[in-house]
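Chemist: Each chain is listed here by its residues.
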Amino acid sequence: MSFPKPQATLRSATGIPTGRLAVWWLIASEVVIFGGLLGSYVMHRLGHPEWADAAVHTNTWIGAFNTFVLLTSSFTAVLAHQAAEAGDGKKAAKLLVLTMGGAVTFVLVKASEWTYEISHGYTITSNMFWSFYYTAAGLHALHVIAGGIIMGFIALDAYRGRELQRVELIGIYWHFVDVIWIFLFPLLYIAK
Amino acid sequence: MSDNHHVNYKKIYFWLLGLLVVSVAGPFIGIGWVTLVTAFGIALIKANLVIQNFMHLRWEKQLAKWVLLSSLILMALFVAGVAPDVMNHEGNNWENLAAQAAVERGIGDDHGEGGEAPDGGTAVVAAESGVFNPGGQYNLICALCHGTAGDGTGVGGAAFDPSPANFTDPVFWETRDDESIKTAIRDGGPAVGVSANMAPWGALFDDAQLDEMVEYVKTFRPQGQ
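Chains A and B supply the protein sequences, listed in that same order.
For the first sequence, our numbering begins at 1 and goes up steadily by one.
For the second sequence, our numbering begins at 1 and goes up steadily by one.
Hints are not guaranteed to be accurate.
Computed cross-link-like contacts, SDA-like style, restricted to lysine to any residue with a CA-CA straight-line distance of at most 20 angstroms [unchecked claim]:
1) 65(B) - 33(A)
2) 91(A) - 8(B)
3) 192(A) - 14(B)
4) 61(B) - 16(A)
5) 110(A) - 20(B)
6) 61(B) - 22(A)
No lab work stands behind these hints, which were simulated from the structure alone.
Bear in mind the structure is a predicted one, so any value in this text is a computation, not a measurement.
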């Protein structure tokens, strides 16, 4: 089967390659989604001092460890981009696989953290704090999972030296997921 | 983008890790405003480092920055627009009684379950919190179809044929006993030969709670029946 090259690969009407511009638009829409959610959380939190009683039960060390995992995976993602720019698809693919390892670690840590919390009675319906906690972190975790899966496809292509420009695109998305967590971490784990 | 930005990625990465340590250490100092700065000030710095150096926004065309800025402005408009209502619990001509009550009660009783978890990890689940409120459960689950007065006129069941059971009707009580009501709640209408529109709710209640639900339904029974 052969398909014509997608427009995103060939064209650059704005000075930004169209694929990359699309990623910026995607991120702009995500800013509104996460911004609305986190903004609502902050407003409710400030209006409800009693939520501090619930926030005290989140585990700062687990949150900090996951922050470390995501920062590290962002580092490997940007190195993958660097390798792709240099035309080294194999190296880019390996670094993307490392980044996926970060995604898997993050999700596994999150799963055990949630298992512990849910088994201790802190569920999404316990009260408004926990509702926000599971909704915000859950939406973020879905982005981690989606990013990890897409990265797998891109790594396969990159290993064969194809579509190396996509390494940058998944990288930009991945850094954005990292940035969201950078804000979720103090909101849910530190500000008690 | 031909990538000759001469960014030392490793250096940025170590900066990020250093800042992470600071933001975790912040609360140990125990001063409120210091924690705010180390938590959110540092989050802003970390996010900026990632956005500029890893996402390469510094070298990106102006257009991308405008795209992102426009959605940030939209978000700020949303927050500014609803903040006065969400963050205040009373104004000149209004009061948010529910929010005031929630603050008053504290987090433990919010939504009637959960509860302040004692330290040491004792389980706090709704069923173990000791207070099962059959009337509350009835209003939450059953009243949608059976009506808060038990007369079968809830909006959820308006289109059902046959209509939802009317617990205030003496005829209803001629053909029912405790056991059949309990079975209907637990296993649904078909289990007792009535409409399948009566769904099974057994997953929500244990046996003792089912008995309490039956007792509550019986409060609708007309006197003398």
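Chemist: Next step is simple, just say for each hint if it's right about the structure.
Modeler: For each hint, the structure was consulted:
no.: 1; hint: 65(B) - 33(A); in the structure: holds, 18 angstroms
no.: 2; hint: 91(A) - 8(B); in the structure: holds, 18 angstroms
no.: 3; hint: 192(A) - 14(B); in the structure: violated, 27 angstroms
no.: 4; hint: 61(B) - 16(A); in the structure: holds, 7 angstroms
no.: 5; hint: 110(A) - 20(B); in the structure: holds, 18 angstroms
no.: 6; hint: 61(B) - 22(A); in the structure: holds, 14 angstroms
Hint compliance for this structure: hint 3 is the single one not met.
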